[in-house]
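There are 4 protein chains.
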Amino acid sequence: MDSNVKSIGVLTSGGDAPGMNAAIRAVTRAAIFNGMRVFGIYRGYKGLISNEIEEFKTNSVSNIIQQGGTILKTARCEEFMTEAGRKTAYENMQRHGIDALVVIGGDGSLTGAGVFANEYNIPIVGLPGTIDNDLNGTDTTIGYDTALNTIMQSMDKIRDTATSHERLFFVEVMGRNCGYLALNSAIASGAEAAIIPEISMEKDQLAELIDQGFRKSKSSSMVLVTESEITGGAMNLAERVKKQYPQYDVRVSILGHLQRGGSPTAQDRILASRMGIAAIQALLENQRNVMIGIRENEIDYVPFKRAIKKDREISPELLEVLEISSI
Amino acid sequence: MDSNVKSIGVLTSGGDAPGMNAAIRAVTRAAIFNGMRVFGIYRGYKGLISNEIEEFKTNSVSNIIQQGGTILKTARCEEFMTEAGRKTAYENMQRHGIDALVVIGGDGSLTGAGVFANEYNIPIVGLPGTIDNDLNGTDTTIGYDTALNTIMQSMDKIRDTATSHERLFFVEVMGRNCGYLALNSAIASGAEAAIIPEISMEKDQLAELIDQGFRKSKSSSMVLVTESEITGGAMNLAERVKKQYPQYDVRVSILGHLQRGGSPTAQDRILASRMGIAAIQALLENQRNVMIGIRENEIDYVPFKRAIKKDREISPELLEVLEISSI
Amino acid sequence: MDSNVKSIGVLTSGGDAPGMNAAIRAVTRAAIFNGMRVFGIYRGYKGLISNEIEEFKTNSVSNIIQQGGTILKTARCEEFMTEAGRKTAYENMQRHGIDALVVIGGDGSLTGAGVFANEYNIPIVGLPGTIDNDLNGTDTTIGYDTALNTIMQSMDKIRDTATSHERLFFVEVMGRNCGYLALNSAIASGAEAAIIPEISMEKDQLAELIDQGFRKSKSSSMVLVTESEITGGAMNLAERVKKQYPQYDVRVSILGHLQRGGSPTAQDRILASRMGIAAIQALLENQRNVMIGIRENEIDYVPFKRAIKKDREISPELLEVLEISSI
Amino acid sequence: MDSNVKSIGVLTSGGDAPGMNAAIRAVTRAAIFNGMRVFGIYRGYKGLISNEIEEFKTNSVSNIIQQGGTILKTARCEEFMTEAGRKTAYENMQRHGIDALVVIGGDGSLTGAGVFANEYNIPIVGLPGTIDNDLNGTDTTIGYDTALNTIMQSMDKIRDTATSHERLFFVEVMGRNCGYLALNSAIASGAEAAIIPEISMEKDQLAELIDQGFRKSKSSSMVLVTESEITGGAMNLAERVKKQYPQYDVRVSILGHLQRGGSPTAQDRILASRMGIAAIQALLENQRNVMIGIRENEIDYVPFKRAIKKDREISPELLEVLEISSI
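First to last, the sequence lines map onto chains A, B, C and D. Residues 1 to 327, numbered by my numbering, are exactly what the first sequence covers, in order. Residues 1 to 327, numbered by my numbering, are exactly what the second sequence covers, in order. Residues 1 to 327, numbered by my numbering, are exactly what the third sequence covers, in order. Residues 1 to 327, numbered by my numbering, are exactly what the fourth sequence covers, in order.
Hint data in this document are derived by calculation from the structure and do not stem from the laboratory. Warning: the hint list may mix true and false statements.
No copy labels: a pair is met if it fits in one copy or bridges any two.
Said to hold, decoys possible - Derived pair list, reagent style SDA-like, types lysine to any residue, alpha-carbon separation capped at 25 Å:
(1) Lys305 x Ile32
(2) Lys57 x Ser3
(3) Lys57 x Leu319
(4) Lys305 x Gly85
(5) Lys243 x Asn121
(6) Lys203 x Thr82
(7) Lys6 x Ser50
(8) Lys203 x Leu284
(9) Lys242 x Glu79
(10) Lys57 x Thr82
(11) Lys203 x Asn297
(12) Lys57 x Tyr42
(13) Lys242 x Ala75
(14) Lys6 x Glu323
(15) Lys87 x Asn4
(16) Lys57 x Asp156
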């Protein structure tokens, strides 16, 4: 392999996700291991434009694998959506001698990367960093497993009080228009049901639940709900139940931003480490405009266009697992 | 000591709190250790009226010290506020030969206990079980330390995302009209401020914070808010900031019911164990209508009337600790 | 599908693993969902012989998905290795009308199941329950992800003190003759190296580490070691270093039995739920003498003989990830 | 108050303890709040001698309250026990203009502080930082509550496997010659007994346990043991049982260094924050050669000599609580 990349920049963009630091660490060390220089770019594309760029050494990423959030910080950046913004960004890269970028983020971040890469002919490799697990071409994303466990641990706490009081809880979790997080959280936490966008579009899940009388054999129930206009959110669903079925003692919990934080799980740290090293490997192989994906436990290169096109489907097996295991 | 108590009933009442199971375990074993019979009463006073009562043996409380919630379940019971309700309750006690009660709960539960005890001349000992730590005559209550740590761990997660994004977070926690939980959580989580009922009544804490420009030297801030009509709650405060200071990127998180759950901390398990054993000791000493308190690390007996009269004050030292350590 | 199985027994055998309860729950509910009766058999094959058998209903497995260990308890049973023992076991099955078994355990347990199944022509389905992840035909086993996270969290704590003191730690973890757990733990915890049986057989890993001077750029180091005769264990390795390199401040930590316990992670709960339901599905399809495996995220049936033949290999990619990310 | 202290140094010394970072943060901010300059001294007295000293600003201690270990690192330093070493240390203080020291550590560190303070007439205030809780004049020490919870959580995991297998576990914990940690851990984790130095000196606790047949009503047992020559340690006790009572399935677990690490609990963070601020307050009041203690929840000044004289006694109430609650 004979790559022209001598110096790379790494940035985190969009919503933060646990494991981003483990990815930054792996990218940095793999680059240095392969004789490259590495620059940390702060606040995503914003820092690329405002030139918040700093050279990283091996020690710059010591003792961060276990930390949530991102030491590079992240931001959403409207200026990068303009040609002028991207021009400044490119000029800053040149100033530091940065040949290529590794971008860690979700679909918005990768879309921006694709535009920038094409415009200035820069090799860019993306890493899927999002708790929503809503990207194509990869079985899982950096941050998803941690968020899943964080939700589950919150549900374990809520169950304590739910069973003590014999109540019906609606718990709202993140996921944008993707029910993956809610469905898996529901299975993992022994909840009764998951009201998710993919299914809510087709039928009235709440009506169905009510018709079945929730779990007649149980004294308390928990229902996961994806935060989404399609599901209506936990608050709306609870209001409907209160009106139609005043006999239920209904409560709502919106887990909110704590889902994004926390020390990453082993899976997320290992995934981020593997992907970070694979990103440098991809650049060495003169790959560009690809996202590193993981398929059937093997590293894969996914063209940006395919990664951000959403056509993931909810697994019928998982829906059945939830239904059967919560009887 | 020559006590007439041969057989006791134990119940949990009101809001559940972590450590209630450890208390049930200690009460049960201390009673058996002292030659008494023990009856577990389900769903608080409700179960006393509906006769959901079961004899407990040593093994009935095995392997529960680490569990959140309460195996006896809990409920609020309006019927117990009527004479007829209490009469049925008393008759059920007689039917099982129960001479005395140990009631684990907050001020509402202890108030009910006081009425019942006087009406039927029953020895009742109360244990302070509430996360709010809002009872008089005891330095701390069963469940408070666990809730404090649960909030702090949630804050640690929120801080990850707050610092990654440089945001201002308002986080709402429980406490009813007592700011103890919010103030201590703020210190423990390195938050900037705590907006609490005791102070909100006297001055506009938010205006003061805004005047000081929050922390000028910091890029992100977290403010704890007690859920209370007096503070207005996190949502209202955030709305005010958004209107007056649109430059802040404000977010709200309402921690909700997860604060009540979870495996109890060491302090709560030890406290509950000590108090549970002290409750039986108190009955053996022919005490009645007292709550077990802990003062300066010593067990104390607190008459119900004093326990439920609220005149606890916020410690000026803690307010200063928060102010200085968050500069 | 037309299955003759009307009534099943479920047992856990061998070393316990987190997620076994989630598996018991799923097996029980899937069986009831499909119209079967279910019997919980206590203490593994021992209880099958001593007739510690109890019918399970839906509620028998309520509120256990989050619990570590196994409510059915487990034991090693020499009597089941005799013909007489298995005869008694079979007679007890007949007495209760149990047509088929679901056995949750590691390779020893599945070997026993295979012998029993052939001898008495009983349909038996196995679930891979072991933290060691040392079974063939499945990408992962119930309990492995939890053990991995438990080790990682312990390492996070040890790192706090290691970096405060600038020490070299050897930490010994479980895994029998399989280095999978140690290698992945090392990556997840940012350790320097993993000394594992698969490689220790071929070369002197410690000598290699010492030759490289551990990490010259770092002030503290952690090395994972698989508990195994082949590696020699952490204590022996530490002794070697102390003798040859007295300048290192060496410490040893043997994590021990806490690796087996704890509330299961989301991955283990979901895996156990999927596998438990698949076990009943397999019986409905008249499968027998197969272990439920998971391959590339799909459920698979693995004949017992193949499952317990060990030929798993250590992934060269993971070895490289550890080497590069710890420079 | 009219203090001559314009500039302070802060260091951590001896064994590290969770909460030391929270203390460093509070000391730093309280000093700046009161118009002083602050210097962080690395590696304890060693760095004072080798001049590893750096000025701290408010931001130097941002985002560390939740971190285990100590950002100032710690070391044991033999050179400081010599006059020459202390002379160099004093000269480095003068070079930086440091008027006073805050020393965070255990009794060895405070003893050293006392000698140095007298020799050079330097105001020194100590903070009790040790997981052992073995200092006089303070109800608790920074790190103790976290270590207690860490042990308890490990015990919760061990209990999962202990009850699954019906075993007898000896678990060894830290504490030097102080059984406080073992005794409280035993109560909190529902263990059967604690074999601790204070009692082992007087009687053969193991023999007593064996005579009582451990818990006859229970199928598994856990016994905490303080790591100490007086108790003999867990390994020795297990050997004795194996020889005399081969029917027990005995296991040993030595928790080791993970007890020192981990994110501090709320109690430790609050305690460290209060004590750190009190240390600066003490210097402002021209106090010197005192340790900050906490007595009955109030800050207290304890002369070094009294703090390090050990005459703490084991509470008979706690011994009784353990005995009764584990029947």
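Quick rundown of the hints versus the structure:
1. Lys305 x Ile32: Classified as neither; 29 Å inside a copy, 46 Å across copies.
2. Lys57 x Ser3: within (21 Å within a copy, 44 Å between copies)
3. Lys57 x Leu319: between (47 Å within a copy, 22 Å between copies)
4. Lys305 x Gly85: Within. Shortest intra-copy distance 22 Å satisfies the 25 Å Cα cut-off; inter-copy 62 Å does not.
5. Lys243 x Asn121: Cα proximity of Lys243 and Asn121: none, with 58 Å in one copy and 44 Å across.
6. Lys203 x Thr82: Classified as neither: same-chain Cα gap 41 Å, cross-chain 46 Å, threshold 25 Å.
7. Lys6 x Ser50: Only inside one copy: Lys6 and Ser50 sit 23 Å apart there, 39 Å across copies, limit 25 Å.
8. Lys203 x Leu284: So Lys203 and Leu284 fail the 25 Å test inside a copy (49 Å) and across (30 Å) alike.
9. Lys242 x Glu79: between (46 Å within a copy, 23 Å between copies)
10. Lys57 x Thr82: Classified as neither: same-chain Cα gap 32 Å, cross-chain 38 Å, threshold 25 Å.
11. Lys203 x Asn297: neither (34 Å within a copy, 28 Å between copies)
12. Lys57 x Tyr42: both (15 Å within a copy, 22 Å between copies)
13. Lys242 x Ala75: between (39 Å within a copy, 19 Å between copies)
14. Lys6 x Glu323: between (53 Å within a copy, 21 Å between copies)
15. Lys87 x Asn4: Within one copy only: 22 Å inside a chain, 57 Å across chains, cut-off 25 Å.
16. Lys57 x Asp156: Only across copies: Lys57 and Asp156 sit 22 Å apart there, 41 Å inside one copy, limit 25 Å.
Violated hints for the displayed structure, listed by number in ascending order: 1, 5, 6, 8, 10 and 11.
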